[in-house]
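Student: Each residue of the sequence shown is one higher than the one before, starting from 7 at the first, in the numbering used here.
Derived from the structure by calculation, the hints contain no laboratory data. The structure presented is a predicted model; accordingly, all values stated were derived computationally and were not measured. Backbone N, C-alpha and C fix where the C-beta goes; we use that ideal spot for every residue, glycine too. Some clues are possibly wrong.
[Stated by the list, open to error] Here are the computed distance ranges between Cβ atoms for each label pair:
1. R88 / T241: 33 to 43 angstroms
2. L100 / L175: 33 to 43 angstroms
3. E29 / A74: 18 to 28 angstroms
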Amino acid sequence: MSAEWRPVRQSRTHELVLERIEERVLAGELKAGDRLPPERELAPILGVSRSALREALRVLETIGVLVAQAGRGPDAGARIVRNPDDALGRLLRLHFALGSYSLHDVLEARVVLERSSFEAATEHAAAADLDEVEELLDRMRRPEVTVADFNDLDTRFHVAIARCSGNQLNSTLTSAVRESVRPLILRALETAEDWPATASALNAEHTELLRLVRAGEGARAADLVEEHIRGFHGTLVDETAEAAEAAETAEAAEAAEAAEERAEESGTGTAP
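The task is simple: from the sequences and hints, build the whole structure.
Tutor: Here it is in structure tokens:
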């Protein structure tokens with residue numbers, strides 16, 4: 007296997023290493039579960055330094071297609087894996103925090119994904135999988151559940167239904183989108199005026215959603231999950247829009263005041 011690796015150019019070395027590995031994955035020569043040759047062998051085969059090779063491997067770890075185990079023995083080294091959920095969620099959460107996507111964009115993406123997931127789950131979900139979803143709801147109903155634990159279980163509930171849909175990509179995207187707003191939803195739950203009432207209302211909607219999935223009522227489940235998402239998540243969108251509008255108004259007022267002060271200082275201001 008090692009003889010098939012070809013050297014790469016030295017410019018932007020780690021990116022070229024990534025390209026070489028990607029080529030082998032796309033060609034089907036590297037599959038999930040396959041191990042890369044040890045660093046001491048692969049680096050000279052590719053004609054790169056071990057530091058450049060490690061940098062490329064770290065990038066692959068970050069995007070969830072490789073896991074590296076230090077040490078010696080059969081489990082040591084780098085192995086190709088399929089673990090997109092956590093990696094995609096982390097990347098989307100960072101881009102959301104950086105303003106790449108608005109909260110409204112995330113809301114609409116959730117609506118589309120989860121309508122599809124809940125409707126498909128009514129046809130594809132196994133009874134055992136729905137029993138596990140029921141266990142999540144049982145834990146959410148406990149009086150002693152903390153807000154943070156409730157938020158975690160809420161996320162797991164929506165992702166679990168997406169997994170029941172039979173569409174793995176939909177499941178991965180749902181997990182990533184929901185994870186991207188998990189901190190924001192947690193803050194909203196923590197500042198709820200009446201937490202017990204909020205939790206009770208959300209639990210009632212979750213319970214009805216699961217009942218509809220079990221009953222095979224796909225269209226009604228899709229409508230209710232959209233209402234559910236727009237109800238709480240939509241409130242966050244409205245609050246964010248109001249805050250942004252207020253900030254813009256304040257900024258415009260400050261700019262106008264500063265311009266007036268500059269005009270007065272230069273003697274061009276007008277008398278009241």
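Student: So, for every hint listed, does it hold in this structure?
Tutor: Tested hints:
1. For R88 and T241, the Cβ-Cβ distance of about 36 angstroms falls inside the hinted range of 33 to 43 angstroms, so the restraint holds.
2. For L100 and L175, the hinted distance range of 33 to 43 angstroms is not satisfied, since their beta carbons lie about 21 angstroms from each other.
3. A beta carbon spacing of about 20 angstroms between E29 and A74 agrees with the range 18 to 28 angstroms that was offered as a hint.
Violated hint for the displayed structure: number 2, the only one.
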